[in-house]
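Participant: Turn these sequences into a full structure, and let the hints guide you.
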Amino acid sequence: MKTTKKQQLLYSTILHKIYTKHTISRIDIARDTGITPATVSLLTAEMLSDDLIREVGEEIDLQDKVGRKKILLSVAPSHSYYVGAEISEKFFSFVLTDNTGILLQKETVSHDKNSPVDADFFVKSLAGFLEQTGYSDQVRGIGVAIPGHYTKDAPEKILTNNASWKNFNLRKIAECFDIPLYFSNNVHCMTRAESLFYTKPDVDNSNFLFFHIGRGIHCTHLYHDTLYGSQNLKIGEIGHMTVHPDGELCECGKHGCLQTYASETWLIKKARLLYHSSPDTYLHQLVNDEHEITLPVILNAYELGDTILVKLITLAVKSIATTITNLNMIIDCKRVFIHGELFNISSTVALLKKQLDFEPNLFMLPSKQELIIKPYSPYTGAIGAAAFAVYRTLLSKE
674 MKTTKKQQLL YSTILHKIYT KHTISRIDIA RDTGITPATV SLLTAEMLSD
724 DLIREVGEEI DLQDKVGRKK ILLSVAPSHS YYVGAEISEK FFSFVLTDNT
774 GILLQKETVS HDKNSPVDAD FFVKSLAGFL EQTGYSDQVR GIGVAIPGHY
824 TKDAPEKILT NNASWKNFNL RKIAECFDIP LYFSNNVHCM TRAESLFYTK
874 PDVDNSNFLF FHIGRGIHCT HLYHDTLYGS QNLKIGEIGH MTVHPDGELC
924 ECGKHGCLQT YASETWLIKK ARLLYHSSPD TYLHQLVNDE HEITLPVILN
974 AYELGDTILV KLITLAVKSI ATTITNLNMI IDCKRVFIHG ELFNISSTVA
1024 LLKKQLDFEP NLFMLPSKQE LIIKPYSPYT GAIGAAAFAV YRTLLSKE
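Heads up: the sequence shown is residues 674 to 1071, going by the numbering used here.
Do not rely on the hints blindly, as some may be mistaken.
To be verified - Taking lysine-lysine pairs in the DSBU-like style, the calculated list, with each CA pair at most 30 angstroms apart, reads:
1) LYS943 x LYS1007
2) LYS797 x LYS743
3) LYS927 x LYS830
4) LYS743 x LYS690
5) LYS678 x LYS690
6) LYS763 x LYS743
No lab work stands behind these hints, which were simulated from the structure alone.
Facilitator: Below you can see the structure in the form of structure tokens.
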């Protein structure tokens, strides 16, 4: 089966619908996709025989209508296995998951933050993780989340203005493994995971924003289960949206970019300047050297009431809230996921929600958008990369 491109397209469309709906009946698949019920039945029968999906019972009908009950389908766990990896300035993270995102193993590997990150070291770390899992013969694909963009036109490069990745050769990594290996932007990967692994029954997860605040800031829009503008590398680079026109000079060449106020890199940069210039900052009680200043240290000083850091963090959160509010004026989405270590404490979450609670007086009904704070984890990107490997292996229509 799936011998022609059209059959492959229909197969992946049906399977993608089952993934993103979590549980769904054959007749609802036909209604949502426009594929004939006969074709849906034929292809789902093939998926059942391959143990890729399973029947999970009858749909409960509160109206108790007569006739045949709908049989619900869901993706079957443990059908196949995938490795996800994230490359970041702070560490490499690795996970092993099955095709439904069940986390089986995980590991982080630190590297020298003061030296350029080396692709050879990443290859060695990934190979070591693969070997220790005991699943290397069963892994169908490897996804790698990168802090930038990947294109087939420049397959060896991480496309970013961060000089740390200038000589990091992606092609060298791909050539070192026999298992299919796929690269994608880290926030695109996290968005895939929300769509494929974390969708719940009766929750429409087909249209949302995933807003990631880390060393840089990026936002991905999933629209009708598709990454919006994924071929345009400028789309989602909201770290370079201007929030203060007369603000500081960003590395992109503009003044007042969001990331100069809210990114981890710039907050640490400003905190180090504060450490040197102010004898009164609480940072002196928390660290012995400026190089020990991290975002958790900054948040600790913020919670202790360090006057200047309270102003810095408050401005960072307000700038993020302003950006989300502006996005809501041009993008209609039902849910917004916020992911970043900045929101690991309740006070910054409360401040963000307070800023977003304001409804402009535009003679409209209040919005019903759902704000979801995604708990920060060093493995979020790696799990997202595993989701991307699942997508490319089982669902890609390319």
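Participant: Now, for every hint given, state plainly whether the structure supports it.
Facilitator: We went through each hint and held it up to the structure:
1. LYS943 x LYS1007: violated (35 angstroms)
2. LYS797 x LYS743: It is violated: about 50 angstroms lies between the C-alpha atoms, which goes past 30 angstroms.
3. LYS927 x LYS830: Cα-Cα ~24 angstroms, so holds.
4. LYS743 x LYS690: With Cα atoms ~16 angstroms apart, LYS743 and LYS690 stay inside 30 angstroms; holds.
5. LYS678 x LYS690: With Cα atoms ~18 angstroms apart, LYS678 and LYS690 stay inside 30 angstroms; holds.
6. LYS763 x LYS743: Outside the cut-off at roughly 49 angstroms; violated.
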